[in-house]
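Participant: If you want the building blocks of each chain, they are given just below.
2 protein chains.
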Amino acid sequence: MTKVHNFSAGPGILPQQAIDNSISALQNFMGTNLSLIEVSHRDKEFESVMADARRLPLEILGLGDDYDCIYLQGGASLQFCMVPYNFLNTKAAYLKTGVWAANAVKEAKFFGETLVVASSEDKNYTYIPKDYQVPTDVDYFHYTSNNTIYGTQMKSIPECSVPLFCDMSSDIFSKRIDASKFDLIYAGAQKNMGPAGATLVILKKELLDKISRKIPSMLDYRTHTSKESMYNTPPVFAVYCSLQVLKWIQETGLDTMEANNNAKQQLLYSEIDRNEFFRGTTAVEDRSWMNVTFVMNDESHTDTFLKLCKQANINGIKGHRSVGGFRASMYNALPLESVQVLVDVMKNFKP
Amino acid sequence: MTKVHNFSAGPGILPQQAIDNSISALQNFMGTNLSLIEVSHRDKEFESVMADARRLPLEILGLGDDYDCIYLQGGASLQFCMVPYNFLNTKAAYLKTGVWAANAVKEAKFFGETLVVASSEDKNYTYIPKDYQVPTDVDYFHYTSNNTIYGTQMKSIPECSVPLFCDMSSDIFSKRIDASKFDLIYAGAQKNMGPAGATLVILKKELLDKISRKIPSMLDYRTHTSKESMYNTPPVFAVYCSLQVLKWIQETGLDTMEANNNAKQQLLYSEIDRNEFFRGTTAVEDRSWMNVTFVMNDESHTDTFLKLCKQANINGIKGHRSVGGFRASMYNALPLESVQVLVDVMKNFKP
Numbered sequence: 017m018t019k020v021h022n023f024s025a026g027p028g029i030l031p032q033q034a035i036d037n038s039i040s041a042l043q044n045f046m047g048t049n050l051s052l053i054e055v056s057h058r059d060k061e062f063e064s065v066m067a068d069a070r071r072l073p074l075e076i077l078g079l080g081d082d083y084d085c086i087y088l089q090g091g092a093s094l095q096f097c098m099v100p101y102n103f104l105n106t107k108a109a110y111l112k113t114g115v116w117a118a119n120a121v122k123e124a125k126f127f128g129e130t131l132v133v134a135s136s137e138d139k140n141y142t143y144i145p146k147d148y149q150v151p152t153d154v155d156y157f158h159y160t161s162n163n164t165i166y167g168t169q170m171k172s173i174p175e176c177s178v179p180l181f182c183d184m185s186s187d188i189f190s191k192r193i194d195a196s197k198f199d200l201i202y203a204g205a206q207k208n209m210g211p212a213g214a215t216l217v218i219l220k221k222e223l224l225d226k227i228s229r230k231i232p233s234m235l236d237y238r239t240h241t242s243k244e245s246m247y248n249t250p251p252v253f254a255v256y257c258s259l260q261v262l263k264w265i266q267e268t269g270l271d272t273m274e275a276n277n278n279a280k281q282q283l284l285y286s287e288i289d290r291n292e293f294f295r296g297t298t299a300v301e302d303r304s305w306m307n308v309t310f311v312m313n314d315e316s317h318t319d320t321f322l323k324l325c326k327q328a329n330i331n332g333i334k335g336h337r338s339v340g341g342f343r344a345s346m347y348n349a350l351p352l353e354s355v356q357v358l359v360d361v362m363k364n365f366k367p
Numbered sequence: 017m018t019k020v021h022n023f024s025a026g027p028g029i030l031p032q033q034a035i036d037n038s039i040s041a042l043q044n045f046m047g048t049n050l051s052l053i054e055v056s057h058r059d060k061e062f063e064s065v066m067a068d069a070r071r072l073p074l075e076i077l078g079l080g081d082d083y084d085c086i087y088l089q090g091g092a093s094l095q096f097c098m099v100p101y102n103f104l105n106t107k108a109a110y111l112k113t114g115v116w117a118a119n120a121v122k123e124a125k126f127f128g129e130t131l132v133v134a135s136s137e138d139k140n141y142t143y144i145p146k147d148y149q150v151p152t153d154v155d156y157f158h159y160t161s162n163n164t165i166y167g168t169q170m171k172s173i174p175e176c177s178v179p180l181f182c183d184m185s186s187d188i189f190s191k192r193i194d195a196s197k198f199d200l201i202y203a204g205a206q207k208n209m210g211p212a213g214a215t216l217v218i219l220k221k222e223l224l225d226k227i228s229r230k231i232p233s234m235l236d237y238r239t240h241t242s243k244e245s246m247y248n249t250p251p252v253f254a255v256y257c258s259l260q261v262l263k264w265i266q267e268t269g270l271d272t273m274e275a276n277n278n279a280k281q282q283l284l285y286s287e288i289d290r291n292e293f294f295r296g297t298t299a300v301e302d303r304s305w306m307n308v309t310f311v312m313n314d315e316s317h318t319d320t321f322l323k324l325c326k327q328a329n330i331n332g333i334k335g336h337r338s339v340g341g342f343r344a345s346m347y348n349a350l351p352l353e354s355v356q357v358l359v360d361v362m363k364n365f366k367p
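Chains as they are written, first to last, in the working numbering: chain A, 17 to 367; chain B, 17 to 367.
Isolated chain A (complex conformation) (with noise of 0.2 Å):
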């Protein structure tokens, strides 16, 4: 099989040993004879798969027993219900930094008083506003670390007083970070841990006393922390899959994983800035490592370069339709030799 280099930025690449594992089950799950997807998740095998794709996450980012771990569905967007359903009682900041964290100020807004203490939205989202200040007096402070279509990552995480919530979709187990500080983190799977279709929520487990609301069943969290994330049936392809990930994450360590991902973003910067026909989309010190955009400086040769990249096998550069341009997206799993084949493309790039 033909070698694709997958830049795709979600659903995108996954480590090839979590696919093969996940093939293997569903050919026979742990020597049920049976195929993964048609076993009760009541079953004790599944039911061990669930114990584990729970106890890893708070492992590997090195959280003790005072956090809980569940899956949901519906990915971050119903996260961004299910928060301020929750715990905005009477007021929460945001920091709007991109079109997902633009969605979760919409959504929270159904639900109470909503303050966006600072947006890039001027200049298209291709900066992380830095001077403000988070309020003392409102329930939660809300920000995404990594804005999948502009490209753009917090390099820290923000300094306040409140309940600190963070929608890790894009860069969740990209690198070490003190997530201790976080009383909330959520991420859909489909870029750095998973397959589509499951999404995992992190959160302290003292944070839900503060719940006052009456919410239904579904979209309250302690119907999930409380039936340990299987209340009803899980979505169990995508946990079982989204455990081989964090298997092969726990067994590579975020300090690798980190090296591995810096690797790759110096490898690829370095060119977008060296390289005459290229320039990047974003503030330079707030550049994704995740995903890396950038255009060319004659927008003309853009769908000559397209052609060169599909001809060296690599997928999913294209850039979002709001940004134009390229994305390439550089998930944990894809490899150094991928973005070396796309520098390669782009040194020997003439019009």
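Source of the hints: derived by calculation from the structure; they are not laboratory data.
Note that CB positions come from ideal geometry on N, CA and C, so glycine has one too.
It is possible that some hints are incorrect.
[As the list claims (entries may be wrong)] Straight line, CA to CA, 25 Å or less: simulated DSS-like cross-link-like pairs of lysine-lysine:
1) 226(B) / 122(A)
2) 230(A) / 243(B)
3) 334(A) / 243(B)
4) 125(A) / 230(B)
5) 226(B) / 125(A)
6) 243(B) / 226(A)
7) 19(B) / 60(A)
8) 230(A) / 230(B)
9) 60(B) / 326(A)
10) 107(B) / 243(A)
11) 122(B) / 243(A)
[Said to hold, decoys possible] On the chain A side, residues computed to face chain B include the following (Cβ under 7 Å):
12) 20
13) 39
14) 51
15) 54
16) 56
17) 91
18) 123
19) 126
20) 206
21) 234
22) 248
23) 251
24) 252
25) 318
[Stated by the list, open to error] Output of the computed footprint for chain A on chain B, the stretches with three or more beta carbons under 8 Å from beta carbons of chain A:
26) 49–58
27) 90–101
28) 222–236
Got chain A sorted already, so can you dock chain B onto it with the hints?
Facilitator: Just chain B now, kept in the frame of chain A:
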């Protein structure tokens, strides 16, 4: 690999060709040289999958352009909340025939007046109530076509003059029905049409005009119909695998499916009625073709019989804890041969 006779109540047995096709797509999706779960859902290949997966249910059920079909996440349990959130403006009527129907009632109460027109809770849901009237002044009438836990099933579609809503999670596509009588049908995929992680929703387009409440985006059906079920990243694997099952259902045809399911239920219920060691747990006229619940007349034999089933490679036969005894779930993909194996074990039973 040892052939297992899979009577699991859900996730349950799926046609082997659907599993095989899903494995192939995980290895190489439509000639992309990438795995199904690594490509963007916006790529033309997956867009064609979603288009087919939305078209086939309508074709199979004989529904026209006045209906829409979408795939959501969160199972039937999230529909228990979304249905009244969107459509319960004043008052809604529910038929309470089991745990899932009761859960649907519970969630509806968050949104308005909920009228239970009849309930079989008085006899642990062992029958379907028949003498009831659906009021004419309600927003809709909701019922559950098949009660997975208790083993009862509606044998006809209730008559009513208000919009008719149905949770068909455990018997959708198991027989020919007049689907045009319904305004909204939903089904968690993991019983008769796919793996866990996708929920099919079919609704009459004109129903959407009745939404008057302000609803968070992800919980508003219009969000998903207007974006052709791609508002956010869909559960790619679950949709793909469901499409493979739908193709098999279409090839087989609902008449053949119904004849096969009829043969299976006749074989098993005949043995239950004939065999002095067993008895059914539900009213004879309400017996489910999908989930056959039965117990031993002498309960002390239960464990012995379970052991014999295990020796015969029968899986998932243990009854739900609220009913006890045994439950043989005989979804579309279960072959008659597996039912024969179970019946043989029953015939040969000696205490």
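Participant: All hints, please: hold or fail.
Facilitator: Tested hints:
A distance of roughly 23 Å separates the Cα atoms of residue 226(B) and residue 122(A); the hinted pair therefore holds under the 25 Å criterion. With a CA separation close to 30 Å, the supplied pair residue 230(A) and residue 243(B) exceeds the 25 Å bound. Restraint check for residue 334(A) and residue 243(B): satisfied, since their Cα atoms lie roughly 21 Å apart, inside the 25 Å limit. Of the pairs offered as hints, the one joining residue 125(A) and residue 230(B) holds, with about 11 Å between alpha carbons and a cut-off of 25 Å not exceeded.
Taking the CA atoms of residue 226(B) and residue 125(A), the gap is near 23 Å; set against the 25 Å cutoff, the hint holds. In summary, the hint linking residue 243(B) to residue 226(A) is not supported, as the alpha carbons are separated by about 35 Å, beyond the 25 Å threshold. Restraint check: the Cα-Cα separation between residue 19(B) and residue 60(A) comes to about 20 Å, which is no more than 25 Å; the hinted pair holds. For the given pair, residue 230(A) sits about 17 Å from residue 230(B) by alpha-carbon distance, which is consistent with the 25 Å threshold.
Between residue 60(B) and residue 326(A), the direct Cα distance comes to roughly 16 Å. Compliance with the 25 Å bound is thereby established for this hinted pair. Simply put, residue 107(B) and residue 243(A) have alpha-carbon atoms about 31 Å apart, too far for the 25 Å limit, and the pair is violated. Restraint check for residue 122(B) and residue 243(A): the C-alpha separation of about 18 Å stays at or below 25 Å, so the hint holds. Contact between residue 20(A) and chain B, as hinted, is supported at the beta carbon level, the nearest pair being about 5 Å apart and thus within 7 Å.
Residue-level restraint check for residue 39(A) holds (minimum Cβ-Cβ distance to chain B is 5 Å; threshold 7 Å). Taking 7 Å as the C-beta contact cut-off toward chain B, the hint placing residue 51(A) at the interface holds, the least distance being around 5 Å. A cut of 7 Å between beta carbons decides the hint on residue 54(A): the least distance to chain B is about 5 Å, and the hint holds. Because the smallest distance between the Cβ of residue 56(A) and any Cβ of chain B comes to about 5 Å, under 7 Å, the interface hint for this residue holds.
The beta carbon of residue 91(A) is positioned within 7 Å of a beta carbon in chain B (closest approach about 5 Å), and the interface hint is therefore held. Because the smallest distance between the Cβ of residue 123(A) and any Cβ of chain B comes to about 5 Å, under 7 Å, the interface hint for this residue holds. A cut of 7 Å between beta carbons decides the hint on residue 126(A): the least distance to chain B is about 5 Å, and the hint holds. For residue 206(A), the interface hint holds, the least distance from its beta-carbon to any beta-carbon of chain B being 6 Å, beneath 7 Å.
Because the beta carbon of residue 234(A) sits about 5 Å from the nearest beta carbon in chain B, less than 7 Å, this interface hint is met. With 7 Å as the threshold, the beta carbon of residue 248(A) comes within range of chain B, its nearest partner Cβ sitting at about 4 Å, so the hint holds. Satisfaction of the interface hint for residue 251(A) is found here, the shortest Cβ-Cβ separation to chain B being roughly 3 Å, below the 7 Å cut-off. Using the Cβ-Cβ criterion of 7 Å, the hint placing residue 252(A) at the interface with chain B is satisfied: the shortest such distance is roughly 4 Å.
With 7 Å as the threshold, the beta carbon of residue 318(A) stays out of range of chain B, its nearest partner Cβ sitting at about 18 Å, so the hint is violated. Given a C-beta distance limit of less than 8 Å, the hint that chain A covers the region 49–58 of chain B holds, as 8 residues qualify and 3 suffice. Proximity of the region 90–101 of chain B to chain A, defined as three or more residues with a beta carbon under 8 Å from a beta carbon of that chain, is established by the 8 residues found. With 5 residues having a Cβ less than 8 Å from any Cβ of chain A, the region 222–236 of chain B passes the three-residue criterion, so the hint holds.
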